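Asker: Listed here are the chains, written in short residue letters.
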Amino acid sequence: MTDTYYFYIVMPFDRPGFGIAQDIKDRSQKYSSHTGKLVNFPFIYAGHRPHAKALERAIKTVMADKIWVVEDWRTEWLDVTLSELKETVDTLISERHFKLKCIMKDYDFTKDLSNSVDH
Amino acid sequence: MNWQDFEVPVLYIETDNLAFARRAFSIVNGKGKKKQTAYQKLRNEVNVVRIDGDTTDEDEVITERKVSIAEKHNCYPVEAFKYKNYPGTFSNIATFKTLSDEELELACGWHDKYFHFVPLHVSCFFMFRDIHRVFKSAKRPFTDKLQHDMASMIQQLFGDLQQYQESVTEAFRKWHRTKYEYDGAWNDEGYAVALLQLYKHFGGTEYVPASLLDRFDDLISFFDPAILNIKQFDDYEEVVRRPNPMKNLNELKGGIGKTVTLLDRVEKLEDTAKWRKAVERLKNEGFEFDLNRMPSVAQVKLGDILIDEDIQRTLDELHCSNIINPKTFDPALLQILVCIKTSDGKFISIDGQHTASVIAGLIVAGIIHD
Chain A
4 MTDTYYFYIV MPFDRPGFGI AQDIKDRSQK YSSHTGKLVN FPFIYAGHRP HAKALERAIK
64 TVMADKIWVV EDWRTEWLDV TLSELKETVD TLISERHFKL KCIMKDYDFT KDLSNSVDH
Chain B
17 MNWQDFEVPV LYIETDNLAF ARRAFSIVNG KGKKKQTAYQ KLRNEVNVVR IDGDTTDEDE
77 VITERKVSIA EKHNCYPVEA FKYKNYPGTF SNIATFKTLS DEELELACGW HDKYFHFVPL
137 HVSCFFMFRD IHRVFKSAKR PFTDKLQHDM ASMIQQLFGD LQQYQESVTE AFRKWHRTKY
197 EYDGAWNDEG YAVALLQLYK HFGGTEYVPA SLLDRFDDLI SFFDPAILNI KQFDDYEEVV
257 RRPNPMKNLN ELKGGIGKTV TLLDRVEKLE DTAKWRKAVE RLKNEGFEFD LNRMPSVAQV
317 KLGDILIDED IQRTLDELHC SNIINPKTFD PALLQILVCI KTSDGKFISI DGQHTASVIA
377 GLIVAGIIHD
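Residue numbers (the working numbering), protein chains in the order written: chain A, 4 to 122; chain B, 17 to 386.
Take the hints with a grain of salt, since some may be wrong.
What the hints assert, rightly or not - Here are the simulated lysine-lysine pairs, BS3-like style, with alpha carbons at most 27 Å apart: (1) Lys104/A / Lys247/B; (2) Lys33/A / Lys114/A; (3) Lys98/B / Lys63/A; (4) Lys63/A / Lys100/B; (5) Lys100/B / Lys284/B; (6) Lys100/B / Lys102/A.
To be verified - Footprint (simulated), chain B over chain A, 3 or more residues, beta carbon under 8 Å: (7) 50-56; (8) 60-74.
Don't read these hints as lab results, they were simulated from the structure.
The model shown is predicted, which means the values in this text are computed figures rather than measured ones.
Cβ coordinates follow ideal geometry from the N, Cα and C atoms, glycine included.
Next comes chain A alone, as it looks inside the complex (with noise of 0.2 Å):
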């Protein structure tokens, strides 16, 4: 098994979504299964799993207020643009020292993640 774990943004629409996986490929596919087309992760990170799941749960605390509400029900959804949540993201990696690094953009799961490079 290995250690790798990852952190991802997810658009399918015009609101961003984030989460974890041990799998991002199949991840991915559930995503476009339900969506019926081809979700895209604007940003994928990897690294230490205990960080990624850190990571996950920093944000929904420092976005507590940011999550999209509909008649009193929180979704999974922020009301923010990609570039402030990918904002959020960075600072609370480089400012906590998560041991996580972006390595991919624009991930889909036709695209082969062993092509990912720093970003």
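Keeping the supplied structure of chain A fixed, place chain B upon it in accordance with the hints.
Answerer: Relative to chain A, chain B alone:
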């Protein structure tokens, strides 16, 4: 004085329907009643000391002192649903209160020094309480170096304490299932024990009492391989300290000094979709608010009040004895009785039988007299 003739205020509803009384009893004593939270109790204790300057109750003084220690280290008790995302906040009041002043100094000081950017996770209280007590018994110092190394491990291996809690409880679950072949309940001692076992696993050199290491044998081998495969944890790296909004939001700093009219509450309700939907449902079901069904208040003689033992609980004599604790007993705080009034003029108690019993008992005992 004859207790039967002593009048008490009673809130009553006129009905002969005992099913209504039974249902009402379960509502006023259960699901319909919003209980005071641990935070609200703590806030009142602190405000009695801070706002009213009343230091006659030792427990309130102790609570206020503990809150002061936490605040000194930028840590703030909060209501679970409010401000919980701000740095330094915690809502597990019950555990907070179990720590001594010295333990709180350690736990809150450590959090503020190393993890000032996140809410204070309750595992911090458990860890520092347990570690401090064992080191004290062993008569050995809990060194700054060990505290620093613990922060390095939490940051470098897990990110923060909340992630450590997730990892250690998962390891514990696997350990328990392997060792005992069933899922056991989490043990809070595991926070300190597992972290210090990991510390030794990674070659930590500071002294750790054996009694903190020999529990839950082999627990750490059930941690995520992503952690165990690391050869050595790196040193703690400083995190930028940002202004903490809780410094201004802290409601315990002399209270919030704000009173509002009910208009404020009405506006809050109208801003809530759930409220608007609930009102809509009432309208759709043709609900009519019958003003005649609103409760009335009267002075009723204790001798005219009946207790239906099929409705109310049996008398809890210990509860009655606790009510008249001289430290807290005050006639001004006695509860208003709730009854139904039947068409033949009987008052049947729904709520407050213990209050009524205490008053009658105190008259018989000669404490209440003309």
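Asker: Hint by hint, say whether it matches the structure.
Answerer: Hint-by-hint comparison with the structure:
1. For the hint pairing Lys104/A with Lys247/B, the CA-to-CA distance comes to about 20 Å; that is within 27 Å, so the pair holds.
2. A hinted pair counts as satisfied when its Cα atoms are at most 27 Å apart, and Lys33/A with Lys114/A qualifies at roughly 15 Å.
3. A threshold of 27 Å between alpha carbons decides the hint, and for Lys98/B with Lys63/A the separation of about 15 Å falls inside it, so the pair holds.
4. In summary, the hint linking Lys63/A to Lys100/B is supported, as the alpha carbons are separated by about 12 Å, within the 27 Å threshold.
5. Taken as a hint, the Lys100/B and Lys284/B pair is honoured in the structure, with Cα atoms around 20 Å apart against an allowance of 27 Å.
6. For a cut-off of 27 Å, the pair hint linking Lys100/B to Lys102/A stands: about 26 Å separates their Cα positions.
7. Using a Cβ-Cβ cut-off of 8 Å, 5 residues of the stretch 50-56 of chain A lie near chain B, which meets the minimum of three, so the contact claim holds.
8. For the stretch 60-74 of chain A, the stated coverage by chain B is satisfied: 6 residues place a CB nearer than 8 Å to a CB of that chain, which reaches the threshold of 3.
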